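Letter by letter, the chains look like this.
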Amino acid sequence: MKIHYGTALAAVALVAVHILMRLTQGFADSLEYENVLANYKFIPYAIMLELILILLAVHGFNGLRVILIELKQGPTYEKAVSYGCLAGMVGLIAYGSRTIIMTNMGMV
Amino acid sequence: MPQDERKEGIGGMANPSRYGIERVAYLLMRLSGLGLLAYFIAHIYETSNILRGQVGWNEFLELTQTTGGHIFLAIVIAMCVFHTVNGVRVMLGHGGVGVGKPARPDYPYDPASQNYRHKIGIYSAIILAAIATMYGLAVMFGE
Chain Z
587 MKIHYGTALA AVALVAVHIL MRLTQGFADS LEYENVLANY KFIPYAIMLE
637 LILILLAVHG FNGLRVILIE LKQGPTYEKA VSYGCLAGMV GLIAYGSRTI
687 IMTNMGMV
Chain R
4 MPQDERKEGI GGMANPSRYG IERVAYLLMR LSGLGLLAYF IAHIYETSNI
54 LRGQVGWNEF LELTQTTGGH IFLAIVIAMC VFHTVNGVRV MLGHGGVGVG
104 KPARPDYPYD PASQNYRHKI GIYSAIILAA IATMYGLAVM FGE
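For the record, the sequence lines run as chains Z and R.
Quick note: to get this note's numbering, add 586 to the position in the first sequence (first position is 1).
Quick note: to get this note's numbering, add 3 to the position in the second sequence (first position is 1).
Honestly, the hints are just simulated from the structure, not real lab data.
Quantities reported herein were computed from a predicted structural model and do not represent experimental measurements.
Where a beta carbon is used, it is the ideal one built from N, C-alpha and C, also for glycine.
Here are the simulated DSSO-like pairs of lysine-lysine, each with C-alpha atoms no more than 30 Å apart in a straight line:
no. : chain 1 : residue 1 : chain 2 : residue 2
1   : R       : LYS10     : Z       : LYS658
2   : Z       : LYS658    : R       : LYS122
3   : R       : LYS10     : Z       : LYS665
4   : R       : LYS122    : Z       : LYS588
5   : R       : LYS122    : R       : LYS104
6   : R       : LYS104    : Z       : LYS588
Stretch-level coverage of chain Z by chain R, calculated; a stretch enters the list once three of its residues show a Cβ under 8 Å from a Cβ in chain R:
no. : stretch
7   : 618-625
8   : 633-646
9   : 683-694
The shape of chain Z in the complex, shown without the other chains (with noise of 0.2 Å):
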């Protein structure tokens, strides 16, 4: 439970920030190409995101297979539960963090 407490208060406090990006340049605008564009390539906000990434996707998947494992019990079932929430969680993290370097590196 310590990881999942954990990563639920960093990720409310990196969230928020995220949130706030949105609402002080105007919900519409901020959506806009180049903003994003530049969000993306502004480093310290580039990290914030890979850390929003890598904290929620662990909290996430440990969150679906805690209710997983609460439904159903047994040695297999279990192993099988947690092995795929670990692969879809390390899946997430890959394919966002593709977005995050490539878009940062300019290779757009």
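The hints should help you fit chain R onto chain Z, whose structure is shown.
Relative to chain Z, chain R alone:
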């Protein structure tokens, strides 16, 4: 009653009417968690469209910046705020905050941890989620 008849499965677990607001909070916490995970995965896919250049980004934006898209986002805001506030309540309860002092269990054996402080926490989470949703709708439809 035979054991088989007592097994209600997910239906029994999800029944919010039997165990009060705490069970409603338990159910909403799981539903909002699953909903937010689904949204997070969709959001990662959505933002990856920036790699398709300005045309690809604008094409995808046209799909999401609609009335339906804004209503969907308002539901996400509600789930997010409820999950956060109720999550903080659960964390505090887990840490022993607001659960009361240990006492001798007497009939009718009301759990000390399910007290008015935590009930207020649950209702606060629901009210804050509603306020944030209305604010989100005002921001999205106000432009």
